[in-house]
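Protein chains: 2
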Amino acid sequence: MDGVILTPLKQIYHPKGDIFHAMKKSDSGFEGFGEAYFSTIHQNDIKGWKKHLQMTLNLVVVSGEIEFVIYNEATFFTAKLSHNNYQRLTVKSGLWVAFRGLGQHNMLLNLASLEHDPAEAVTINLDNIAYEW
Amino acid sequence: MDGVILTPLKQIYHPKGDIFHAMKKSDSGFEGFGEAYFSTIHQNDIKGWKKHLQMTLNLVVVSGEIEFVIYNEATFFTAKLSHNNYQRLTVKSGLWVAFRGLGQHNMLLNLASLEHDPAEAVTINLDNIAYEW
Chain G
1 MDGVILTPLK QIYHPKGDIF HAMKKSDSGF EGFGEAYFST IHQNDIKGWK
51 KHLQMTLNLV VVSGEIEFVI YNEATFFTAK LSHNNYQRLT VKSGLWVAFR
101 GLGQHNMLLN LASLEHDPAE AVTINLDNIA YEW
Chain Y
134 MDGVILTPLK QIYHPKGDIF HAMKKSDSGF EGFGEAYFST IHQNDIKGWK
184 KHLQMTLNLV VVSGEIEFVI YNEATFFTAK LSHNNYQRLT VKSGLWVAFR
234 GLGQHNMLLN LASLEHDPAE AVTINLDNIA YEW
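So the sequence lines, in the order shown, correspond to chains G and Y. For the first sequence, counting from 1, position 54 maps to 54 in my numbering; every step adds exactly one. In my numbering, each residue's number is its place in the second sequence (first place is 1) plus 133.
Source of the hints: derived by calculation from the structure; they are not laboratory data. Positions of the beta carbon are idealized from the N, C-alpha and C atoms, including for glycine. Don't take every hint at face value.
Just a few of them, taken from the derived set where beta-carbon distance is under 8 Å, the chain Y residues facing chain G [unchecked claim]:
(1) 151
(2) 152
(3) 174
(4) 183
(5) 197
(6) 205
(7) 242
(8) 259
(9) 262
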C-alpha cells in the first residue's frame with residue numbers, strides 16, 4: 001500500500017541477552033524524530049481507528065503479537081508483528097490505523113516523526129470502517 | 134553525577150492498554166536521534182563496562198528491572214529502573230556504564246544520539262572497575 005513500509009529488523013544473539021534493532025536515522029521510513037512512546041494493547045482489544053494528518057509512525061512490536069490494519073481508499077493492508085515476525089511498520093500520514101492485541105502481553109514502540117499533538121490526528125469509532133476482525 | 138540525568142516519565146492509563154512515555158525531542162537530555170535499539174539482559178548477568186566517546190545514551194526500561202551503574206573519576210552513580218520506578222536515564226559520553234538484570238525478563242530501550250559505530254566506544258572487563266555488585 002502506498003505510504004506503508006515493512007522493514008525486516010535484525011535480532012542479534014548475545015549470551016547475556018539479545019539485541020533487537022528498531023531504527024537508524026539512515027533507514028528507509030525515517031522522517032525525523034519527534035517522540036518515542038510505548039503503547040500496550042490487551043489481548044483481543046482493538047485501538048483505532050486513528051488517522052494522523054502530519055505524523056509518520058514507525059511501529060516496532062516489543063513484546064507479544066499485534067495485528068495492524070491500515071485502511072485507505074477502500075483498501076486494507078494488514079500485518080501480524082512479533083519477535084517471530086520482527087519487522088518495523090512505517091505508516092505515513094493520511095492513512096487510517098487500528099491494531100489488536102493477539103498475545104498475552106502486547107507492547108509496541110512508536111518512533112513518531114512529531115511530538116504528540118491531538119490537533120494533528122483524527123479518530124473515529126471502530127465500526128465506522130468495515131473490517132472483519 | 135555530571136553528565137547523568139534521571140527524568141521521571143509518564144505512564145498513562147488506558148482501558149485497552151496503558152501508554153508509557155520514553156522521550157520527546159524537546160526533553161532534557163535529547164541530543165539528536167541516531168538509532169533506537171533494545172537490549173535484553175538475563176537475570177543476574179551484567180553487561181559492561183562500556184564507555185562511549187561521542188554518543189549520548191537515553192535508556193528506558195521496557196520490562197523487568199535493571200540496575201545501572203555509571204562510573205567516572207572514582208565516583209559511582211547507580212539506579213534501579215523498572216515500571217515501578219519509571220524514569221529515563223541519560224548518560225552523556227565519557228562515562229563508564231554497566232548494567233545488571235534484576236527481574237526475570239529485562240529489556241531496555243536505548244535512544245542513542247548516534248548510529249552504532251564500534252570505533253566510538255571502548256569496553257573493558259567487568260573486574261577492571263571495582264564495584265561491589
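Results of checking the hints against the structure:
Against a cut-off of 8 Å between C-beta atoms, the interface hint on residue 151 of chain Y holds, since the closest Cβ of chain G lies about 5 Å away. A distance limit of 8 Å between C-beta atoms decides the matter here; for residue 152 of chain Y the minimum to chain G is near 5 Å, and the interface restraint holds. With 8 Å as the threshold, the beta carbon of residue 174 of chain Y comes within range of chain G, its nearest partner Cβ sitting at about 4 Å, so the hint holds. Interface hint status for residue 183 of chain Y: violated, as the beta-carbon distance to the closest one in chain G is roughly 12 Å, over 8 Å.
For the restraint placing residue 197 of chain Y at the interface with chain G, the shortest Cβ-Cβ distance is roughly 10 Å, beyond the 8 Å limit, so the hint is violated. At about 23 Å, the closest approach between the beta carbon of residue 205 of chain Y and any beta carbon in chain G exceeds 8 Å, and the interface hint on this residue is violated. Hint status for residue 242 of chain Y: holds, given a least beta-carbon distance of 7 Å to chain G, under 8 Å. The interface hint given for residue 259 of chain Y is violated, since its Cβ lies 11 Å from the closest Cβ of chain G, which is over the 8 Å cut-off.
Annotation: residue 262 of chain Y was flagged as interfacial toward chain G, and the flag is violated, the nearest CB pair being 17 Å apart, outside 8 Å.
The structure fails hints 4, 5, 6, 8, 9 (numbered hints given earlier, in ascending order).
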